[in-house]
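Asks: Now for the letters of each chain:
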Amino acid sequence: DVKVTQSSRYLVKRTGEKVFLECVQDMDHENMFWYRQDPGLGLRLIYFSYDVKMKEKGDIPEGYSVSREKKERFSLILESASTNQTSMYLCASSQPQFYGYTFGSGTRLTVV
Amino acid sequence: KNEVEQSPQNLTAQEGEFITINCSYSVGISALHWLQQHPGGGIVSLFMLSSGKKKHGRLIATINIQEKHSSLHITASHPRDSAVYICAVKAYTDKLIFGTGTRLQVFP
Chain A
1 DVKVTQSSRY LVKRTGEKVF LECVQDMDHE NMFWYRQDPG LGLRLIYFSY DVKMKEKGDI
61 PEGYSVSREK KERFSLILES ASTNQTSMYL CASSQPQFYG YTFGSGTRLT VV
Chain B
1001 KNEVEQSPQN LTAQEGEFIT INCSYSVGIS ALHWLQQHPG GGIVSLFMLS SGKKKHGRLI
1061 ATINIQEKHS SLHITASHPR DSAVYICAVK AYTDKLIFGT GTRLQVFP
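Taken in order, these protein sequences are the chains called A and B. Per my numbering, numbering of the first sequence is gapless, rising by one per residue and ending at 112. Per my numbering, numbering of the second sequence is gapless, rising by one per residue and ending at 1108.
Derived by calculation from the structure, the hints in this document are not laboratory data. Treat the hints with caution; some may be incorrect.
[To be verified] Pair by pair, the computed Cβ-Cβ distance ranges are:
#, chain 1, residue 1, chain 2, residue 2, range
1, B, 1092, A, 57, 17 to 23 angstroms
2, B, 1052, A, 86, 40 to 46 angstroms
3, B, 1052, A, 65, 40 to 46 angstroms
Don't be surprised by glycine CBs; every beta carbon is placed ideally from N, CA and C.
In isolation and in its complexed conformation, chain A is listed as follows (with noise of 0.2 angstroms):
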């Protein structure tokens, strides 16, 4: 069963912390995606990856970067996490030029 997998479902770090969120994917896709999801506002691309060590931003990438240095691993790094990043993130996974979609099970992460 291919999947996307989250390091963590539930996270809570202290404002000012360095906080990494990890995520795996067994489809040797070449796309992964980390968005955040809010009330109100749906899921809001951060970053994505098309290639190992390629990274590219999405429509929020402040107070946040990305590594990739291996093609099954995305990582998502809040260099010193604040309250306004509490959220709920989701990775996601796909192949160019195909549809299909694969996402995690989410990281529901608060900053305190």
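Using the hints, position chain B against chain A.
Replies: Just chain B now, with coordinates in the frame of chain A:
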């Protein structure tokens, strides 16, 4: 104005009712997705459409490319259908543009 609009935002139904969720979009697309998100967060892809109609069990999805509109129908709704349903369009890139979702609650 959002590029993808869904209606209604919230929907309640009695078990057995026929349900329709609508999605309108304003950009050119190569495909449209209907996604389901249960409490707890994980998102499952229900349908991917580029034209016409698709059916899977009690779920039916239609798309009208000329009118830039899609509908998701649930026949004989059941409490286990309670979830957030999200419409997302794939423009001519590899990125999706999402609607804000429709929260459906089906009561026994």
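Asks: Evaluate the given range 40 to 46 angstroms for the C-beta pair formed by residue 1052 (chain B) and residue 65 (chain A).
Replies: 42 angstroms, holds
Asks: Is the gap between the beta carbons of residue 1092 (chain B) and residue 57 (chain A) within 17 to 23 angstroms?
Replies: About 19 angstroms separates the Cβ atoms of residue 1092 (chain B) and residue 57 (chain A), which means 17 to 23 angstroms holds.
Asks: Is it true that residue 1052 (chain B) and residue 86 (chain A) lie within 40 to 46 angstroms of each other by Cβ?
Replies: Holds, at about 41 angstroms.
Of the numbered hints stated above, none is contradicted by the structure.
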